[in-house]
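Chemist: Chain residues, written in single-letter form:
2 protein chains.
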Amino acid sequence: MHKVLRELKVDLGERSYPIIIGQGLLGSIDLTPWVAGQQVMIVTNDTVGPLYLEKVKRCFPGKVVDVVILPDGEQFKDWQTLNLIFDALLEKRHTRKTTIVALGGGVVGDMAGFAAASYQRGVPFIQVPTTLLSQVDSSVGGKTGVNHPLGKNMVGAFHQPQAVLIDTDTLKTLPPREVSAGLAEVIKYGLIQDEPFLAWLEGAIEKLLGLDADTLGEAIYRSCACKAEVVAQDEKEGGIRAILNLGHTFGHAIETFAGYGNWLHGEAVGTGMMMAADLSVREGLISSDDKARVTALIQRARLPEAAPEAMTDEDFMNLMSVDKKNVDGRLRLVLLKAIGDAFVTEAASSDNIRDTLKAFLPKAE
Amino acid sequence: MHKVLRELKVDLGERSYPIIIGQGLLGSIDLTPWVAGQQVMIVTNDTVGPLYLEKVKRCFPGKVVDVVILPDGEQFKDWQTLNLIFDALLEKRHTRKTTIVALGGGVVGDMAGFAAASYQRGVPFIQVPTTLLSQVDSSVGGKTGVNHPLGKNMVGAFHQPQAVLIDTDTLKTLPPREVSAGLAEVIKYGLIQDEPFLAWLEGAIEKLLGLDADTLGEAIYRSCACKAEVVAQDEKEGGIRAILNLGHTFGHAIETFAGYGNWLHGEAVGTGMMMAADLSVREGLISSDDKARVTALIQRARLPEAAPEAMTDEDFMNLMSVDKKNVDGRLRLVLLKAIGDAFVTEAASSDNIRDTLKAFLPKAE
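In the order they appear, the protein sequences are chains G and U. Sequential numbering of the first sequence, starting at 1, is according to the numbering used here. Sequential numbering of the second sequence, starting at 1001, is according to the numbering used here.
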């Protein structure tokens, strides 16, 4: 049977919910306590579905369980694919009391979550993230949405799940590139507010890449706890929550330039965090040694170190200025005051930003 | 200049907002107090835009005002048209601090409102309804959304506006058929909870059809007050708010069968309310005289009295059972205990429902 390793709570008043981290949960744990009605719609993709769908169906004894299988990939995080979920819900006549279950990575979670936020103006949902990145980041905090050709996650909603179920066994089937991408977000939590966790990661990175279960469980727990704490303070990103976007403004520009799906989100964030550290040095906020420490850990996590081929600083400027992190036209960035201390600023100088962009262009390597 | 006739408040705590009813408001009143940022995106359609767009632009002195013009009609209340709004917002680089303005009828209001709910996970919006139906119903209460081929308003959000601005002058350009459709919702408020208002309407119906300004102002004010009171009690339709759906379950089936845009929403609701009154008699809840009173007023408002050509009771049953008013498969309806006293029930007998459907089929006329 299953083993619950760790459990924590995202504290949002009447919208609070548990995160359950364990081994062997899928197929074994009973999820019906988080299902109010009789209907369940599992949303998954054609990679994850064949691996875990039958197991997850067994988590809902006595319920009517329907399934919709989406094509796998960030390039399908769009209206057309989202509509497949609505089609399935309406064809199977799901009511306002249905529960949607997101089984897969961040793309499935974001789309199933937005479908849950929007179907009949909102139904409950459960997150069952199966990638490291979604387990430590996107499944927690209620951000849902789809991409638009002109920008990532431009259309969406804040919609909190009823529960998040993390089975570390699912990481055994994850490609190494996706493990690295997930580690980018894990490293992020250390960088933004937990230097001791970053130091722990510096000792644990090889074990994590080797998928050591206990080490992964600990890294996931500490990451979720960090995210839960930030989200509880600022559910709708009016302020402090924005620090979770360290590396994301640069990263989103990279993802958009490369075309969705060509760079993994975590890969772009990894490069973006190196860029944020670089700019933090130029702004006189951290030392070159601090930057070297950041760069070294991201490199050890096997993440890319420069922007995609043919990308220019103009591309960056154009793509960053439509990103949602900008308010009233100013470039709003998350920078580091120290390792473990990030903050949001609109004060970075244009010259320094431009120099950082140039330093990370592929021709500069 | 303009004249404010009446003002009321929708009381929803921190999401409270004013409804301002007046003459000559467009082009004259300053709406910038409800605009937090520097950007405004007016969403309108190709019928209303040419009439009022330039006037509404003048309501935002000192702001950057962009415009998106949608094709007019319920048949365009879909994903594809919604995306025109997102395209415009992104092409013009609107940030999370933009304010969306809905200028038009219920379709524009529902779509602009859903765009506001979803753009960058939520931005503020202002309702400027220009049809009687949207002034008394859809612009108040925060329901937003689009249709799906399998059901009306199946995808949407609850998103409250910053303010609702009702200029009765806009009704001068409204086709008579749309005036009647709006009166269906006005009559509804009398039927569900305000018998004195219904009695007043019985004396005022010809003046309303003749667009007498003072009479319209009073009818709009009392309708909005009724809706605001119900919405304040139950923002997300967990209970009492459902009484606002009197006639809507039958009506939605009619609209879906006829094809969106062929019947006006208010027309379908008018017939649907006659059906609800008919079923209420069969269920022993009201007298035949009560039903005759309901029918007479709806007829005097020049609304249709039977389902569309070729529609069968089976069509009704199939289309009603995907409607969102049904929970866990039971047919949930709003019926009348008395004129001015509606309630939600799942207890109506199948035989009586079937008899009511048959009584309103076109061949039965």
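None of these hints come from the bench; they were simulated from the model. Nothing here was measured: the structure is a model prediction, and the numbers come from that model. Be careful, since some hints might not be right.
[Stated by the list, open to error] The list that follows gives simulated cross-link-like pairs (lysine-lysine, DSSO-like), each with its CA atoms no further than 30 Å apart: (1) G/236 - U/1009; (2) U/1092 - G/337; (3) G/236 - U/1236; (4) G/92 - U/1236; (5) G/92 - U/1097; (6) G/3 - G/207; (7) G/337 - G/9; (8) G/236 - U/1092; (9) U/1358 - U/1236; (10) U/1063 - G/97; (11) U/1291 - G/97; (12) G/236 - U/1063.
Chemist: Are the hints correct? Go through all of them and say.
Modeler: Consistency of the hints with the structure:
1. G/236 - U/1009: Holds, at about 25 Å.
2. U/1092 - G/337: 34 Å, violated
3. G/236 - U/1236: Status holds; Cα separation ~19 Å.
4. G/92 - U/1236: The given pair, whose Cα atoms are some 24 Å apart, holds under the 30 Å limit.
5. G/92 - U/1097: Distance of about 39 Å is beyond 30 Å: violated.
6. G/3 - G/207: Satisfied, since the Cα-Cα distance of roughly 21 Å is no more than 30 Å.
7. G/337 - G/9: 29 Å, holds
8. G/236 - U/1092: 24 Å, holds
9. U/1358 - U/1236: 33 Å, violated
10. U/1063 - G/97: Cα-Cα ~43 Å, so violated.
11. U/1291 - G/97: Violated, at roughly 33 Å.
12. G/236 - U/1063: 26 Å, holds
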